[in-house]
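Student: Sequence:
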Amino acid sequence: MTSAKTTINLYNTLTRTKEPLCPLDDNNVRMYVCGPTVYDFAHIGNARPVIVFDVLFRLLRHLYGADQVTYVRNITDVDDKINARAVRDFPDLPLNEAIRRVTEKTAAQFIADSEALGCLRPNHQPRATDFVAPRTDGKPDMISLIATLIGKGNAYEANGEVLFEVTSMPDYGKLSGRNLADNLAGARIAVDAHKKNPADFVLWKQSSADEPGWDSPWGRGRPGWHIECSAMSAAFLGEVFDIHGGGLDLIFPHHENELAQSRCAHGTRAMANIWMHNGFLQVEGQKMSKSLSNFITINDLLETTKFGGQKWHGRVLRLAMLTTHYRQPIDWTADRLFECRSLLYDWNMAAHDAPTQPVPAELLAALCEDLNTSGTITILHALAKSVNAAATYTAKVEAAGRLRAALELIGLYEEQNSDVLLRQEVRDGPGEHAITEMVTARLYALNAKDFATADNIRNELSEQGIALMDYKDSETGERRTKWEIKR
RNA sequence: GGCCACGUGGCGGAGUGGUGACGCAGCGGAUUGCAAAUCCGCGUACCCCAGUUCAAUUCUGGGCGUGGCCUCCA
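Take the first sequence: its position 228, counting from 1, is numbered 228 in the UniProt record's numbering, and each next residue is one higher.
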């Protein structure tokens, strides 16, 4: 940990400018990020905020101290899509049991995916269903929050629903930069007779007998989408906290409404001081969608050869995601993955097992400038080059340690042998033992100056995707050969 | 219709009011039995049109193009 004097500048959607992060409490920097709705495998677009905010989490931990940061990422396990999936997948089970199966399995998969991508676990991953009804520990809950909003005149009951009245909040719409009149002009909002204003949104809705529900002062029902984040953020981070993140698409309506609920319920001027939003992802130049059959899950990339004909290591995916600045659109392509895999392998080879050094200041400087991860990649190139170019062994080890520290900070250092980054598919190839035998046979031929035989062996391996590299042992001067998967 | 981003060399991708980041690919050299790896070197760019300026890829305005949001989709 270094001094907290380093200032982090972050782009704030609320003000449309970069602002210095000034934590409300340097001893507890607080961040909330909207997590997944757990009804199916997370797709690669979902991975972007997971990775981006993990980088920020790591940076905060580095600058303020690992125990001085609280990161909360919720799991949405109440949603009509979940209900539909539960009925489809477990038609014979009682609904609540079926829902539990779907959400537990999907949440576990999401957490496993996140770890494979080299992400640290957030301090808390609360589930929405644990925060619907009042809790024994007195933490904020959705029903109490809704009751507060009704009591303060910001919400009303109509037609069995509880609705938030947007006109009760003078600056409603500031985050998304829209006003109520603009919304109406769109004329795409369903006009419901029971709403006072067409833009009013649901806090609580009634559940039929075959839908999940909780008892409430307004009958058996379930919460609207936005209220869960208001409750859970307050439960773990307090009424006002430092950073709120999520995808660009969440700005409206989710974050706008969340912010309105929290501020009105708590009587605060802000919910979070800085609102951050990552850009969208396209796949091979097109919008990812099931209808274009380019829909790709994190699990597909890790465990199947559907994309690019390869299985990809999680850290390769992570690096690929960080090549573009988080606010820019990113085009997810196989070419990018190949290039990133090659780079990551080289960097990890150069850094592996070196005694770690302090994190290079220039790396921190780049990250502190609104998470300029592209800039950090440039720095990694330079650090790797300094390892290769080092004149002495001591200098080489020292440079490698700096590279390692840099890789570790942004979650790109692989503890295992670097080969795991490349050898996802070699397991289906000739196998390590066979390769070693052929390499030995080739060295024997070489020492006998039988270049034809040696080259034949090399070609054979090359056809199987194995590249050989000859070098001289630095102490004895003997010829040695190392091999790796061709890229 | 309203609102918001973005448009950099073959590809990826930062950044800046004034000597063409960086990487991948390509080319040349050192090295090598030949390669690979490594090192050294080289080339090509800032969507269009105006304006501000001594000077714009960088600021302002307009245009064109792409994408997003306005529909509980990250």
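Do not take every clue at face value.
[Stated by the list, open to error] BS3-like mimics (lysine-lysine), calculated; alpha carbons at most 25 Å apart, straight line: (1) Lys205 / Lys139; (2) Lys105 / Lys396; (3) Lys290 / Lys306; (4) Lys482 / Lys449; (5) Lys396 / Lys81; (6) Lys306 / Lys287; (7) Lys306 / Lys396; (8) Lys152 / Lys174; (9) Lys81 / Lys311; (10) Lys396 / Lys482; (11) Lys311 / Lys290.
[Said to hold, decoys possible] Cβ pair distances, simulated, as ranges: (12) Lys105 / Ala390: 47 to 55 Å; (13) Gln282 / Ser462: 33 to 41 Å; (14) Asp215 / Asp353: 53 to 61 Å.
The set of hints was computed from the structure by calculation and includes no laboratory data.
No experiment lies behind these values; they were computed from the predicted model shown.
Positions of the beta carbon are idealized from the N, C-alpha and C atoms, including for glycine.
Student: All hints are to be evaluated individually against the structure, with a verdict given for each.
Tutor: Evaluation of the provided hints:
1. The hinted pair formed by Lys205 and Lys139 meets the criterion: a straight-line CA distance of about 22 Å does not exceed 25 Å.
2. Our distance criterion of 25 Å between C-alpha atoms is broken by Lys105 and Lys396, whose separation comes to about 46 Å.
3. Using a Cα cut-off of 25 Å, the hinted pair Lys290 and Lys306 holds, with the two alpha carbons roughly 14 Å apart.
4. Proposed proximity of Lys482 and Lys449 is supported: the alpha carbons are some 19 Å apart, at most 25 Å.
5. A threshold of 25 Å between alpha carbons decides the hint, and for Lys396 with Lys81 the separation of about 55 Å lies outside it, so the pair is violated.
6. At roughly 17 Å between alpha-carbon atoms, Lys306 and Lys287 fall within 25 Å of each other, so this suggested pair holds.
7. Between the alpha carbons of Lys306 and Lys396 the distance comes to roughly 39 Å, so the proposed pair goes past 25 Å and is violated.
8. Restraint check for Lys152 and Lys174: satisfied, since their Cα atoms lie roughly 21 Å apart, inside the 25 Å limit.
9. At roughly 30 Å between alpha-carbon atoms, Lys81 and Lys311 are farther apart than 25 Å, so this suggested pair is violated.
10. Distance restraint check for Lys396 and Lys482: the Cα-Cα separation of roughly 20 Å lies within the 25 Å cut-off, and the hinted pair is therefore satisfied.
11. At roughly 21 Å between alpha-carbon atoms, Lys311 and Lys290 fall within 25 Å of each other, so this suggested pair holds.
12. Look at Lys105 against Ala390: about 49 Å separates their beta carbons, and that is inside 47 to 55 Å.
13. Gln282 and Ser462 have their C-beta atoms about 35 Å apart, which keeps the hinted 33 to 41 Å range intact.
14. Checked against the hint of 53 to 61 Å, the pair Asp215 and Asp353 passes, with Cβ atoms roughly 58 Å apart.
Checked against the numbered hints above, the structure violates hints 2, 5, 7, 9; every other hint is satisfied.
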